[in-house]
Amino acid sequence: MGSKSSKRAETTVDSAESDASSEEANGLMTLSQEQVEGARGTLEEIMARMDVEKSLHGTASDRYKKMVKQKEILLEIIRLDKNPAPFKRSSP
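If you're matching positions, the sequence shown starts at 1 in UniProt numbering and goes up one per residue.
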């Protein structure tokens, strides 16, 4: 049988580990303002290149299709920044 103090110590360690892993997961789910601004800048560049590609080669070109996919990803990044999804980790 463990003493009360050793049980409290184990609980504290477990709690600290849980908090650390939760913070780590939250860090993976959030973007810094610099990253979002970078995405916006990249989006503007992609859209300008899409206009040029469309006028030169049309919308059927592989490059244009790749740019459309990049644009969709960047728009999703920006959308997530405006409406962050709540991320709650359930505690045992």
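It is worth saying that the hints were derived from the structure and are not from the lab. Just so you know, not all the hints are guaranteed correct.
Derived DSSO-like pairs (lysine-lysine); straight-line CA-CA distance at most 27 Å [what the hints assert, rightly or not]:
1) Lys-54 / Lys-66
2) Lys-82 / Lys-65
3) Lys-54 / Lys-71
4) Lys-69 / Lys-54
5) Lys-82 / Lys-66
6) Lys-69 / Lys-82
7) Lys-82 / Lys-71
Simulated restraints, written as ranges between beta carbons of each label pair [said to hold, decoys possible]:
8) Glu-34 / Leu-75: 32 to 38 Å
9) Leu-56 / Asn-83: 20 to 26 Å
10) Asp-62 / Glu-34: 29 to 35 Å
11) Lys-82 / Ser-61: 16 to 22 Å
12) Lys-82 / Met-47: 15 to 21 Å
13) Leu-75 / Ser-32: 27 to 33 Å
14) Ala-60 / Gln-35: 18 to 24 Å
15) Ser-55 / Asn-83: 31 to 37 Å
16) His-57 / Asn-83: 23 to 29 Å
Quick caveat, the model's predicted, so the values are computed rather than measured. Cβ coordinates follow ideal geometry from the N, Cα and C atoms, glycine included.
Now the hints, each set against the structure:
1. Between Lys-54 and Lys-66 the CA atoms are separated by roughly 12 Å; this keeps the pair inside 27 Å, and the hint holds.
2. A C-alpha spacing of about 26 Å is found between Lys-82 and Lys-65, which places the hinted pair at or below 27 Å, so the restraint holds.
3. For the hint pairing Lys-54 with Lys-71, the CA-to-CA distance comes to about 14 Å; that is within 27 Å, so the pair holds.
4. A threshold of 27 Å between alpha carbons decides the hint, and for Lys-69 with Lys-54 the separation of about 15 Å falls inside it, so the pair holds.
5. Taking the CA atoms of Lys-82 and Lys-66, the gap is about 25 Å. The hint holds against a cut of 27 Å.
6. This hinted pair checks out: Lys-69 and Lys-82 have alpha carbons roughly 20 Å apart, not beyond 27 Å.
7. Pair hint Lys-82 plus Lys-71 holds up; C-alpha atoms about 17 Å apart against a cutoff of 27 Å.
8. At about 18 Å, the beta-carbon gap between Glu-34 and Leu-75 misses the expected band of 32 to 38 Å.
9. Evaluation of the 20 to 26 Å hint for Leu-56 and Asn-83 yields a failure: the beta carbon distance comes to about 36 Å.
10. The beta-carbon spacing between Asp-62 and Glu-34, approximately 31 Å, falls within the hinted interval of 29 to 35 Å.
11. At roughly 31 Å, the beta carbons of Lys-82 and Ser-61 sit outside the given window of 16 to 22 Å.
12. Checking the proposed 15 to 21 Å range against Lys-82 and Met-47 shows it holds: the Cβ atoms sit about 18 Å from each other.
13. Checking the proposed 27 to 33 Å range against Leu-75 and Ser-32 shows it is violated: the Cβ atoms sit about 18 Å from each other.
14. A beta carbon spacing of about 32 Å between Ala-60 and Gln-35 contradicts the range 18 to 24 Å that was offered as a hint.
15. Take Ser-55 and Asn-83: their Cβ atoms lie about 34 Å apart, and the range 31 to 37 Å holds.
16. For His-57 and Asn-83, the Cβ-Cβ distance of about 35 Å falls outside the hinted range of 23 to 29 Å, so the restraint is violated.
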